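Protein chains in written order, with our numbering: chain E, 1 to 360; chain X, 1 to 360; chain U, 1 to 360.
Source of the hints: derived by calculation from the structure; they are not laboratory data.
Since the model is a prediction, treat every value here as computed from it, not as a measurement.
Even for Gly, the Cβ is constructed at its ideal location relative to N, Cα and C.
Heads up, some of the hints might be wrong.
Unchecked claim - The following residues of chain E were derived to be distant from chain X, with all beta-carbon distances above 12 Å:
1) Ser38
2) Gln45
3) Asp46
4) His50
5) Leu55
6) Leu88
7) Pro89
8) Arg103
9) Pro133
10) Asn180
11) Thr193
12) Ser196
13) Ser211
14) Gly292
15) Met301
16) Met339
As the list claims (entries may be wrong) - A partial selection of chain X residues facing chain E, derived with a Cβ cut-off under 8 Å:
17) Arg59
18) Ile61
19) Val81
20) Arg179
21) Ala317
The primary structure of each chain is shown beneath.
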Amino acid sequence: MHIKNTWYVAAEPGEVTGGRLVARTILNEPVVIGRTESGKLMALQDRCPHRFMPLSLGRMIGEHLRCAYHGACFDAGGACVTVPGQDLPPQNARVRSYPLVERHGYIWIWMGDPALSADLGSIPGFLFRSDHPEWDGGYGHFESIQAGFRLINDNLIDVTHAEFVHPESFGCEQLRQYRNPVPGDEFVAGRMTYTSGAREITYRMRSLAVSEDAPFYRWMVTQGLKRDSFPQPIDFDMQVDWAAPSFTSFVLNARPAGVPVELGFKVCNMHAVTPESETSSHYFYRSVKDFGDADLTTRFMAGVGAIFSQDQPLLEAQQLRVGAQDLFEQRPISFAGDMLQLKARRMLKDLEEAESAPAR
Amino acid sequence: MHIKNTWYVAAEPGEVTGGRLVARTILNEPVVIGRTESGKLMALQDRCPHRFMPLSLGRMIGEHLRCAYHGACFDAGGACVTVPGQDLPPQNARVRSYPLVERHGYIWIWMGDPALSADLGSIPGFLFRSDHPEWDGGYGHFESIQAGFRLINDNLIDVTHAEFVHPESFGCEQLRQYRNPVPGDEFVAGRMTYTSGAREITYRMRSLAVSEDAPFYRWMVTQGLKRDSFPQPIDFDMQVDWAAPSFTSFVLNARPAGVPVELGFKVCNMHAVTPESETSSHYFYRSVKDFGDADLTTRFMAGVGAIFSQDQPLLEAQQLRVGAQDLFEQRPISFAGDMLQLKARRMLKDLEEAESAPAR
Amino acid sequence: MHIKNTWYVAAEPGEVTGGRLVARTILNEPVVIGRTESGKLMALQDRCPHRFMPLSLGRMIGEHLRCAYHGACFDAGGACVTVPGQDLPPQNARVRSYPLVERHGYIWIWMGDPALSADLGSIPGFLFRSDHPEWDGGYGHFESIQAGFRLINDNLIDVTHAEFVHPESFGCEQLRQYRNPVPGDEFVAGRMTYTSGAREITYRMRSLAVSEDAPFYRWMVTQGLKRDSFPQPIDFDMQVDWAAPSFTSFVLNARPAGVPVELGFKVCNMHAVTPESETSSHYFYRSVKDFGDADLTTRFMAGVGAIFSQDQPLLEAQQLRVGAQDLFEQRPISFAGDMLQLKARRMLKDLEEAESAPAR
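Working from the sequences, and respecting the hints, build out all of it.
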């Protein structure tokens, strides 16, 4: 089941420039997304009401999207405005249109009841970090990961997998000590603290004087200091913000041991997962940092893309074993480190139930 | 639903020469088609009754088709005539055979009740054009287009898509004025006239003094006159004959403006669609012309093949959106230009119903 | 339906050396097979009980298999023994483990009731031939043939297909005369004799003074004698042992005509088919011979691999036509030469029924 009355990332802004159209299935519905000549965003059901041709095979002509097959034109609201060779289009010729907004650099879509779309509250504020003018980075996405968004959520909320899946970057043995989070909103050395709300969770961790481990944090210090290497101990902090249904931000702060946290080098990795179907997802990420030049940015984006892509084969293999039924209906064993992940799953269940409640 | 008691194109004649066998699923039934050493055509269910091996993996030996697995041989009527190592084959060892005829250059098959196959009336006479000794051309086919035959029919009956799908060849803005056909059997400038019977439709269109549009018609005049270009106005006529379930012939006549139609250069494109399954089709075409030499014929066939292949990705994308249910059960919007297409759909429905009526 | 309470070949021994893991679906169950550092074999359900990640993506660490995702470790009995970052694993954290044994060079698995696995009687004794110290050869397998094990059984029990499928090797017209087997346990020239038990069949055939046919037998004599060719008549014997559910051994003996059988050159091809699903199979083979040097062995293994691979496309084409329903529920015609094949099918049916009987 999908949560429909919430905003999802539909596209990167660069995907719809120059008249380009994006065809993307979102919550099982085929959608075409584009920008008109005057700059207005448009998202329509990707099926012409005439003969069911995907509108994404057509072309943006001025303010209208023209079907590739018989040239019928549709406006941003989904109304058919012209049919070549006839005076007026049929009155009932229209397709569903979807509300769109631009926030934090992404194009967001509302797949649920349009009457409820005015509330932008479901777009998590913590993604503001990607707007910071002094942070530099880029976008990336995986078009269709064959794993449901819940499995990807589980993966992102869970730092303990990094030791095994990303041993040469994010993974380090220090993460093990964070398997037993305690309530709190401070950074405490060697502990994980967390806070949570109705649809969000934040947790924080701090490791001090790490001498040989934590490769990615060490890389941050080395690059931030413009050194060739930095073998001395480092301190690092991580803050993870998660919001339902599927947004996660990681702020990493790394510095030479003993240096105040305010002087640390920072990276922010933001992840937005948009369900394609029950068992497949679009995975958008944005990574920014506050150090290094444009050349480093290029290498940085290649690097994070490579790290994130380590999860894809695992997630897809996991989905194959999970099958069509939800994982948690199949009685998996849970570990101590799964506490926040289970909390997030419960929030999703509450949101689903609220949405399907008859009283609404 | 398929119409079974009618003749379909099963193969081009050149496909079964030299002992070659054609394996083709027709109306959901796997069929093997071949020609015996003496030249007799044979179409059998493509499944040996012994261990269900496809007979198309076997080989034509004299007058018999020999199974690849255990060497059992079948005659053109489907009877098993020999089993290696045993005196007589089992009495009930036979496979279904299908009536075949050769007409207008094609091998035709009857998938329905064999008792009704003597009536060749469902092979449309208008395909005689491919037999004309002074017209030169060739064959082509698309083996398995992932679109049902009704969608391909819709496409062929509908000239208005050419402006958008084939803008550099058949497409031209002149075709728009023909969206409102009127009854009649004459060529009338700037109008489309049509006539129809129980299972066929013919329509005609004439455009005079076309100055810059209609690229394919202009190409016909240029090539017919053996010029490098012909920028002056041209006149052109098109006559389209359609017959249920899935045959269409286009006769194009193009000439310099003012030249009598009898002196025009002519092209005939014939299309025969054979259902593979409810949502896939074999698409045969034959194109001939009455001008140019053999070298032009080669280029002409490459050109028409390229134009026809522009439809395939659209038809397949459309079929994906239509899905398993018939398009017209899903309440599409129709345009004025769809009138003849809808008439053809109704004829197909009548034929289907007549065939499934209990009284028959 | 599969027979579960019987031993199947799970892997070649060389597949699990050096810490390598084999992921293989057997009787529809995904299994991971490996060998611990101390040499102990391990077969577990290929699904971590925590988040359902395939354990085959993990790694053997000492005596334990470690999950790729969160590092949980499992012992050969399927118990979760450590979870990183927590003192004790959850008590119910375990996966199913499967009994394994090594016999005749293969790793065998028991997919049924473990309580019944002590009886090794279902591992056919006739495979001892692969243990013979003076016979030299090798292993091969086809990972996932898209054909059910019954169709492969039919193929292996049936020598008459060789004339048509392997005409340049095993096939020869002499095999035809063996289509009518008679009871008996002797080799009789020009006849096929057979004996059978509750779950096994043996048949024998002898051809004398074959002058130009039987290419593989002739190759054996040529190679055994270290000649370039041997055009004179040869004698040959074949003994085929089959045991339910899916084991077949062919012992071939070829010699110059008139030479005593004891002096013949011998080849033994052993085939073990392990069901993957109802319609797909793992096909293991082992071939050995008692003549020639190591270089000949290499060529011999390449040759038999090429011959066995001639059956795969036929078996897969056959399975496509047979579909999901069992072949024999679809009333195929049988030939005289199918007698032993039908006998084997009946034995399988009896075993299935015994296994599913309520009294057990």
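To see whether the hints hold, each was checked on the structure:
Every Cβ of chain X is farther than 12 Å from the Cβ of E/Ser38; the closest lies at roughly 23 Å, confirming the non-interface assignment. Listed as outside the interface, E/Gln45 is inconsistent with that label: its C-beta sits roughly 10 Å from the nearest C-beta of chain X, within the 12 Å cut-off. Once the 12 Å rule is applied to beta carbons, E/Asp46 is inconsistent with being away from chain X; the minimum gap is 8 Å. Listed as a non-interface residue, E/His50 fails to keep its Cβ farther than 12 Å from every Cβ of chain X; the least gap is roughly 5 Å.
Listed as outside the interface, E/Leu55 is inconsistent with that label: its C-beta sits roughly 10 Å from the nearest C-beta of chain X, within the 12 Å cut-off. Non-interface status of E/Leu88 relative to chain X is broken: a Cβ of that chain comes within 12 Å, the nearest being about 10 Å off. For E/Pro89, the condition that its CB be more than 12 Å from all CB atoms of chain X is violated, with the nearest at approximately 8 Å. In this structure E/Arg103 is separated from chain X by more than 12 Å, as the shortest Cβ-Cβ distance comes to about 30 Å.
Every CB of chain X is more than 12 Å from the CB of E/Pro133 (nearest about 42 Å), matching its label as outside the interface. Residue-level check passed: E/Asn180 sits 49 Å from the nearest beta carbon of chain X, beyond 12 Å. Interface exclusion of E/Thr193 from chain X stands, the closest Cβ pair being 50 Å apart, more than 12 Å. No Cβ of chain X approaches the Cβ of E/Ser196 within 12 Å, the least distance being about 42 Å, so the stated non-interface status holds.
Under the 12 Å C-beta cut-off, the non-interface status given to E/Ser211 relative to chain X holds; the minimum distance is some 57 Å. Remark: the non-interface label on E/Gly292 is consistent with the geometry, its nearest Cβ contact in chain X lying 44 Å away (cut-off 12 Å). With a least CB separation of 33 Å from chain X, E/Met301 remains clear of the 12 Å interface cut-off, as annotated. Against the 12 Å criterion, E/Met339 stays outside the reach of chain X, whose nearest CB is about 43 Å from its own CB.
The beta carbon of X/Arg59 comes no nearer than 41 Å to any beta carbon in chain E, farther than 8 Å, and the hint placing it at the interface is violated. Interface restraint check for X/Ile61: the shortest CB-CB distance to chain E comes to about 47 Å, outside 8 Å, so the restraint is violated. Because the closest C-beta pair between X/Val81 and chain E is about 49 Å apart, greater than 8 Å, the hint is violated. The interface hint given for X/Arg179 is met, as the beta carbon of that residue sits about 4 Å from the closest beta carbon of chain E, less than 8 Å.
The restraint placing X/Ala317 at the interface with chain E holds, with a minimum CB-CB distance near 5 Å, inside the 8 Å limit.
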